[in-house]
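S.K.: Position chain H relative to chain B; hints supplied.
Residue numbers (the working numbering), protein chains in the order written: chain B, 646 to 1001; chain H, 4 to 272.
Hints are computed from structural coordinates only; laboratory data are not their basis. Misleading hints may appear alongside valid ones.
What the hints assert, rightly or not - Quick list of in silico lysine to aspartate or glutamate cross-link-like pairs, EDC-like style, CA-CA up to 20 Å:
1) Lys138(H) <-> Asp151(H)
2) Lys970(B) <-> Asp946(B)
3) Lys212(H) <-> Glu40(H)
4) Lys804(B) <-> Asp144(H)
5) Lys212(H) <-> Asp42(H)
6) Lys164(H) <-> Glu147(H)
7) Lys69(H) <-> Asp151(H)
8) Lys220(H) <-> Glu40(H)
9) Lys863(B) <-> Asp969(B)
10) Lys970(B) <-> Glu939(B)
11) Lys797(B) <-> Glu40(H)
12) Lys804(B) <-> Asp724(B)
13) Lys103(H) <-> Asp49(H)
14) Lys122(H) <-> Asp258(H)
15) Lys69(H) <-> Asp174(H)
16) Lys904(B) <-> Glu254(H)
17) Lys983(B) <-> Glu855(B)
18) Lys138(H) <-> Asp701(B)
19) Lys255(H) <-> Asp909(B)
20) Lys804(B) <-> Glu147(H)
21) Lys983(B) <-> Asp844(B)
22) Lys804(B) <-> Asp151(H)
23) Lys797(B) <-> Asp151(H)
24) Lys797(B) <-> Asp144(H)
25) Lys103(H) <-> Asp48(H)
26) Lys164(H) <-> Asp258(H)
27) Lys971(B) <-> Glu869(B)
What the hints assert, rightly or not - DEER-style ranges, computed between Cβ atoms:
28) Pro693(B) <-> Arg58(H): 56 to 64 Å
29) Pro993(B) <-> Ile51(H): 50 to 58 Å
30) Thr104(H) <-> Gln806(B): 19 to 27 Å
31) Gln55(H) <-> Thr756(B): 37 to 45 Å
Bear in mind the structure is a predicted one, so any value in this text is a computation, not a measurement. Each residue gets a CB set at the ideal place from its N, CA and C atoms; glycine is no exception.
Here is how the chains run, residue by residue.
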Amino acid sequence: MRHRYWWGSGMLLPLLTTFIITACSKKNTEPTPEPAKNIAFVKPAGFPEPVYRLADNPVTTDGFALGKVLFYDGLLSRDGTISCASCHIQANAFTHHGHDVSHGIDDRLGTRNSPPIQNMAWSTSFFWDGGVHDLDLQPIAPIENPVEMDDKLNNVIGKLQRNTRYQQLFEKAFGSPGINSTRMLKALSQFMVMLVSADSRYDRYIAGKETFSEEEKKGLALFEQRCATCHKPPLFTDNSFRNNGVAPRPFGTDSGRYKITLLDEDMYKFKVPSLRNVALSAPYMHDGRFGSLESVMNHYDGGFYPTATLDPAFKNGFSFSEPDKKALIAFLKTLSDKGFITNERFAPPPGFVQGD
Amino acid sequence: MKQNILLLCILTILASCSKDKTTPATDPNEKGVVVLEFDNRAGTDDLILNNQPYRNAAGEQLTISKFAYYVSNFRLITASGQVYTLPQDSSYFLISEDNKTSAFHTLYNVPAGDYTQVKFMIGIDSARNTMDISKRPGVLDPAEGAADMYWSWNSGYIFAKLEGSSPASTDAQKLFRYHIGLYGGGFNNGPRTLNNTREITLTIPNNGKAIVRRDRKAQIHFFADALKMLNGTTNVSIAANPNVMVTPFSEKIADNYTQMFNIDHVHNE
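Chain B extracted, bound-state conformation (with noise of 0.2 Å):
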């Protein structure tokens, strides 16, 4: 039988679930059918142990619908208008696809491109400088943004706690009363550590269940010679922080993570992102500079800003034929997702309206 996820069908259909099993098994004394809708965390085959501390926050079929209703609602934000979802959308890998920096409430434009929500449970550090060291810190970030939701945590909380559909969603969540911090950000950590993308069409290829084409097999062969070592699979990141060479800007410098770290050997320096869906995710880098595959491929052929922490890697002589770009673009298409972006599992609820 397919577990299916039920919080999608509405509002109610949970409620009543449960109501009309607990009717039923107290008519007849059949064994109660099996709960249908268990949601449990589980470990690709061929990754890695998560990052993330599950056993202090285990994946529960209510936490993971209470952390879903949460990430879709613009309660979140100030105004009411701006959920996670307005700048993380399933179609796109949970990136803002289109904005190269991402529009939050009353349109104010951030500084940085939303990266995908996908294998956080894998994440040794959040954001392209990786100034949140923590899942569970990582959505008071967003909330607080003035640019982003521009609320404070303490006001959404509030909200939460005087919402009669929230309390109950908490106690079925924490199996007791009372909305807080803790519960709220642990609830949205569920909901985004299955956010798993292991299942391209790559990874059947690995698995032996898929063929490539010469040109995708060429495409591999290319990254994982040049490419591997920082976008190092199965998740295609290594978690460290390097500088590929994208030119700062003239104005409004991004110093990277040197802006947590403060160490002149972290200028210009950002997280390795993962190429899950890249092809779903445009625009590319940290400040969405690049509106396509081709343009970063362009970038990957000798075009690296020379300051004094550009990455080893690129400084003697990176460069490709044009064959062999389009073989890698060919490749990175391998690595979409189809299944992940259509899950109805991570699908808005009903009455989501997605904005701009």
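M.R.: Quick look at chain H alone, frame taken from chain B:
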């Protein structure tokens, strides 16, 4: 010489309140109460927010609208060097001038003894800064006490905050903001970064003691001089640095705040 000693004896007796004549603590299970009181000052004066002008060592006039800081990891030390360490989970205090109740912190179950020194940290240690959010309630909760004292984009607490306005400020609104934090990084075996936590040890003046017994209460009265954030090893100029947050310069202010505290006196009731 003898005269001096005699004089000292008399003075000590005079200085001690009648209740100071206590029997030494012998029962290892005896516990008492200590109250920590933090009294915020501006130089020799009581700190008055907003309306009272002050002057820093750089000669600039200023008013203060916000003064708040974390102190943590308290240890009480006797003359013979015995150390009582407060239970870690309950050793974090946020003192904010705009919240009078934040000035008083009562410690229960302190082992009986005659304490002469207090050691504590200004700021929040790296372990607590990176601990699971469920281990950071109350003043450490970014949705409660820490709402104003937490950087969400660079996860960590602001240890001390001094804000106000000054005609000398080069900020467009003539304001100044000193938000000092940073606990040293090192998370996930990352590199060590700027660490603005500071540990200080203060001695109760005039050979005073905080006398902790079952039937008594000792109140240690600290002074915290807001102006010392600006005055000290580096005299901070508001004109030159109206805003200091996550920058290398924050270290200078952290060095200054190590000199910000003293124990003014102790009441033994």
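S.K.: Indicate, hint by hint, whether the structure satisfies it.
M.R.: Here is what the structure says about each hint:
no.: 1; hint: Lys138(H) <-> Asp151(H); result: 19 Å, holds
no.: 2; hint: Lys970(B) <-> Asp946(B); result: 8 Å, holds
no.: 3; hint: Lys212(H) <-> Glu40(H); result: 15 Å, holds
no.: 4; hint: Lys804(B) <-> Asp144(H); result: 17 Å, holds
no.: 5; hint: Lys212(H) <-> Asp42(H); result: 19 Å, holds
no.: 6; hint: Lys164(H) <-> Glu147(H); result: 17 Å, holds
no.: 7; hint: Lys69(H) <-> Asp151(H); result: 11 Å, holds
no.: 8; hint: Lys220(H) <-> Glu40(H); result: 13 Å, holds
no.: 9; hint: Lys863(B) <-> Asp969(B); result: 8 Å, holds
no.: 10; hint: Lys970(B) <-> Glu939(B); result: 8 Å, holds
no.: 11; hint: Lys797(B) <-> Glu40(H); result: 30 Å, violated
no.: 12; hint: Lys804(B) <-> Asp724(B); result: 12 Å, holds
no.: 13; hint: Lys103(H) <-> Asp49(H); result: 13 Å, holds
no.: 14; hint: Lys122(H) <-> Asp258(H); result: 17 Å, holds
no.: 15; hint: Lys69(H) <-> Asp174(H); result: 17 Å, holds
no.: 16; hint: Lys904(B) <-> Glu254(H); result: 15 Å, holds
no.: 17; hint: Lys983(B) <-> Glu855(B); result: 14 Å, holds
no.: 18; hint: Lys138(H) <-> Asp701(B); result: 11 Å, holds
no.: 19; hint: Lys255(H) <-> Asp909(B); result: 18 Å, holds
no.: 20; hint: Lys804(B) <-> Glu147(H); result: 14 Å, holds
no.: 21; hint: Lys983(B) <-> Asp844(B); result: 8 Å, holds
no.: 22; hint: Lys804(B) <-> Asp151(H); result: 19 Å, holds
no.: 23; hint: Lys797(B) <-> Asp151(H); result: 10 Å, holds
no.: 24; hint: Lys797(B) <-> Asp144(H); result: 13 Å, holds
no.: 25; hint: Lys103(H) <-> Asp48(H); result: 17 Å, holds
no.: 26; hint: Lys164(H) <-> Asp258(H); result: 14 Å, holds
no.: 27; hint: Lys971(B) <-> Glu869(B); result: 15 Å, holds
no.: 28; hint: Pro693(B) <-> Arg58(H): 56 to 64 Å; result: 59 Å, holds
no.: 29; hint: Pro993(B) <-> Ile51(H): 50 to 58 Å; result: 53 Å, holds
no.: 30; hint: Thr104(H) <-> Gln806(B): 19 to 27 Å; result: 23 Å, holds
no.: 31; hint: Gln55(H) <-> Thr756(B): 37 to 45 Å; result: 39 Å, holds
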